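Chemist: Here are the chains, one letter per residue:
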Amino acid sequence: MSHHIVEVNQLRHVYPDGTMALRDVSFRIHHGESVAIIGANGAGKSTLLLHLNGYLTATAGTIRIGDHQLSRETLAEIRRTVGTVFQDPDDQLFMPTVFDDVAFGPLNQGLDVATVERRVADALERVGALELRNKPPYHLSGGEKKRVAVATVLSMLPEILVLDEPTAGLDPRARRQLLALLRDFHHTRIVTSHDLDMVLELCERTIVLHEGTVMADGPTLEIFGNDALLAACHLEKPFAMQGCPVCSPGRQHPLPLPQRPLVAPHGDGLHDHDHHHDH
Amino acid sequence: MLAIDGNLLDFKRLDLLALKESPVHRLDPRAKVLTTLVFILCVVSFDRYELAALLPFALYPVVLLALGDLPAGYIARKVAVVLPFAVMVGLFNPLFDRQVLLQLGPLDIWGGWLSCLSIVVRALLTAAAAIVLVAITGFPAICEALERLGMPRVFAVQLLFLYRYIFVLADEGGRVARARQLRACGTKGLGLRHFGPLVGHLLLRTWERAERVHMAMLARGFAGEVHTRRQGRFGAAEGAFLLGWGSLFVALRLYNLPHLLGQLLTGN
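Read top to bottom, the protein sequences are chains A and B. The opening residue of the first sequence carries number 27 in the numbering used here; numbering runs sequentially from there. The opening residue of the second sequence carries number 626 in the numbering used here; numbering runs sequentially from there.
If you're looking for bench data, these hints aren't it; they were derived computationally from the structure. Certain hints may be false.
Below, computed lysine-lysine pairings styled on DSS-like, alpha-carbon distance capped at 30 Å [claimed, not checked]:
1. B:K637 to B:K703
2. B:K703 to A:K161
3. B:K645 to B:K703
4. B:K637 to A:K161
5. B:K645 to A:K161
Which residues of chain A face chain B? A few of them, derived with a C-beta cut under 8 Å, are [to be verified]:
6. S52
7. T110
8. P122
9. G131
10. Q135
11. D138
12. T141
13. N160
14. H165
15. S167
Here the structure is a predicted model, which means the values were calculated and not measured. Don't be surprised by glycine CBs; every beta carbon is placed ideally from N, CA and C.
Could you put together the complete structure from these sequences and hints?
Modeler: Given below as structure tokens:
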């Protein structure tokens with residue numbers, strides 16, 4: 027099983043109350059690709075992710091992960107292959123200690139204690155949280171919780187990593203740490219996010235969802251360059267691609283800028299800040 | 626509600642104490658749980674007027690406190706929490722039970738006073754033993770010990786989840802209450818009218834969270850059984866701990882040590 031292709035074909039999902047969350051969504055993600063799924067609130071991102079690990083069942087359409095078509099029989103295998111990191115780490119970390127939580131998946135796979143111990147140590151090492159192993163989850167900070175949540179999935183050695191809003195609620199430093207961590211993974215990565223700057227850094231390909239349909243699917247830079255598309259889908263360019271508020275006064279900003287200068291007048295430089303435009 | 630936040634932090638500290646390293650921390654949780662059970666059984670089974678014979682039992686929590694390197698002041702404050710409840714329970718004994726049992730010079734001591742004091746001392750002793758047990762063992766390990774001692778697994782898992790999410794729920798409750806308080810403009814108390822929606826809201830949130838937790842469990846291959854990796858050993862140290870303390874408690878229960886000491890000293 028070296029080719030972990032994710033193939034979603036004409037996927038449709040209707041919630042019991044009649045809301046159609048996904049309308050005939052199709053895409054194909056190849057081994058090792060890093061793909062972002064973006065869209066406004068209620069576009070269907072979370073619903074789509076919950077299909078990838080078989081938590082929700084499609085109303086119509088099929089999903090193939092690697093060699094398996096998603097069905098009741100292949101569910102266990104697919105959940106081992108697809109590691110899902112949920113948005114709120116408090117949902118993901120439910121065991122009494124960090125160690126127990128990271129060991130939860132491998133123990134469910136029926137591995138022996140020695141293997142589990144090794145897997146847990148490896149996973150915690152990779153996210154830089156080995157020293158937290160005996161702590162209860164409610165004693166961790168937000169950034170620590172997030173990294174441990176990633177470790178709980180890594181310990182199962184998934185081939186495909188699915189992350190729902192990985193940077194939500196993190197402070198800049200914790201966000202930076204997480205990005206560095208995720209960049210080092212050679213898994214197939216599927217990420218949903220409103221943090222388009224993260225998408226720009228992490229994903230070479232982007233799929234845009236709007237009201238349950240795929241509006242665009244292509245190279246991230248190309249999609250973020252398409253102003254009409256972004257506006258139609260209630261999205262905005264990542265900050266890194268917008269002009270610098272100080273040095274490009276003529277740029278179009280969706281909100282009027284304050285009339286007063288952002289830096290106090292006697293602060294000697296409007297221009298002594300570092301200019302890092304990462305594109 | 627802000628008081629709840631504070632109490633929660635204080636409670637988390639108790640939890641952190643269990644991470645310390647000491648000879649008593651290292652013992653298998655089962656030995657500590659069983660010993661504490663024997664302790665509690667002995668303490669509560671005394672006659673209701675008994676007071677002096679209870680006092681030597683204080684040795685157990687005090688010794689564990691010292692061996693486990695626990696902060697005495699903090700534990701004492703936690704134990705003191707039960708004091709008002711115990712006093713409430715014993716409060717009316719002196720009014721109803723006026724039989725004179727003891728005379729200290731001109732002072733008649735009614736049986737009610739003795740039984741009231743006895744209740745308070747027992748409450749403090751059992752609370753001290755239980756809190757010290759949590760501080761040197763940790764709640765999850767106690768659950769596991771109970772399970773290995775024969776408690777059905779469902780209860781053990783439920784206790785664990787209760788303990789894990791009580792912090793999250795208290796946080797959420799605290800936030801909701803704060804939001805209400807900040808817009809209550811000085812009106813005191815919750816009031817029945819607002820209490821209903823508030824609790825309903827919390828219930829719904831809990832429900833949703835439970836669903837998401839279950840989702841996270843399924844995603845990691847949960848199939849109805851929570852595996853744990855600990856394989857603590859009930860060895861010689863555990864046996865000695867249980868037998869040593871256990872026999873001391875039973876001896877103290879059967880023979881009134883302060884009474885014997887008094888006899889020895891006065892030569893009667």
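Chemist: Next, verify each hint and record whether it holds.
Modeler: Status of each hint after checking the structure:
Taking the CA atoms of K637 (chain B) and K703 (chain B), the gap is near 12 Å; set against the 30 Å cutoff, the hint holds. Annotation: proposed proximity of K703 (chain B) to K161 (chain A) holds, straight-line Cα distance about 22 Å (limit 30 Å). With a C-alpha separation of about 19 Å, the suggested pairing of K645 (chain B) with K703 (chain B) holds against the 30 Å cut-off. A distance of roughly 11 Å separates the Cα atoms of K637 (chain B) and K161 (chain A); the hinted pair therefore holds under the 30 Å criterion.
Proposed proximity of K645 (chain B) and K161 (chain A) is supported: the alpha carbons are some 11 Å apart, at most 30 Å. The beta carbon of S52 (chain A) comes no nearer than 23 Å to any beta carbon in chain B, farther than 8 Å, and the hint placing it at the interface is violated. Below 8 Å, beta-carbon pairs count as interface contacts, and T110 (chain A) has one with chain B at about 5 Å; its hint therefore holds. With its C-beta approaching chain B no nearer than about 3 Å, P122 (chain A) sits inside the 8 Å limit, and its interface hint holds.
Checking G131 (chain A) against chain B: minimum C-beta separation of about 4 Å stays under 8 Å; hint holds. For Q135 (chain A), the interface hint holds, since its Cβ comes within 8 Å of a Cβ in chain B; the closest pair sits about 6 Å apart. Nearest Cβ of chain B to the Cβ of D138 (chain A): about 10 Å, over the 8 Å cut. The hint is violated. Checking T141 (chain A) against chain B by beta carbon gives a least distance of about 11 Å; that is not within 8 Å, so the hint is violated.
Interface restraint check for N160 (chain A): the shortest CB-CB distance to chain B comes to about 6 Å, inside 8 Å, so the restraint holds. With a cut of 8 Å, the hint placing H165 (chain A) at the interface with chain B holds, because the nearest CB-to-CB distance is about 7 Å. Residue-level restraint check for S167 (chain A) is violated (minimum Cβ-Cβ distance to chain B is 13 Å; threshold 8 Å).
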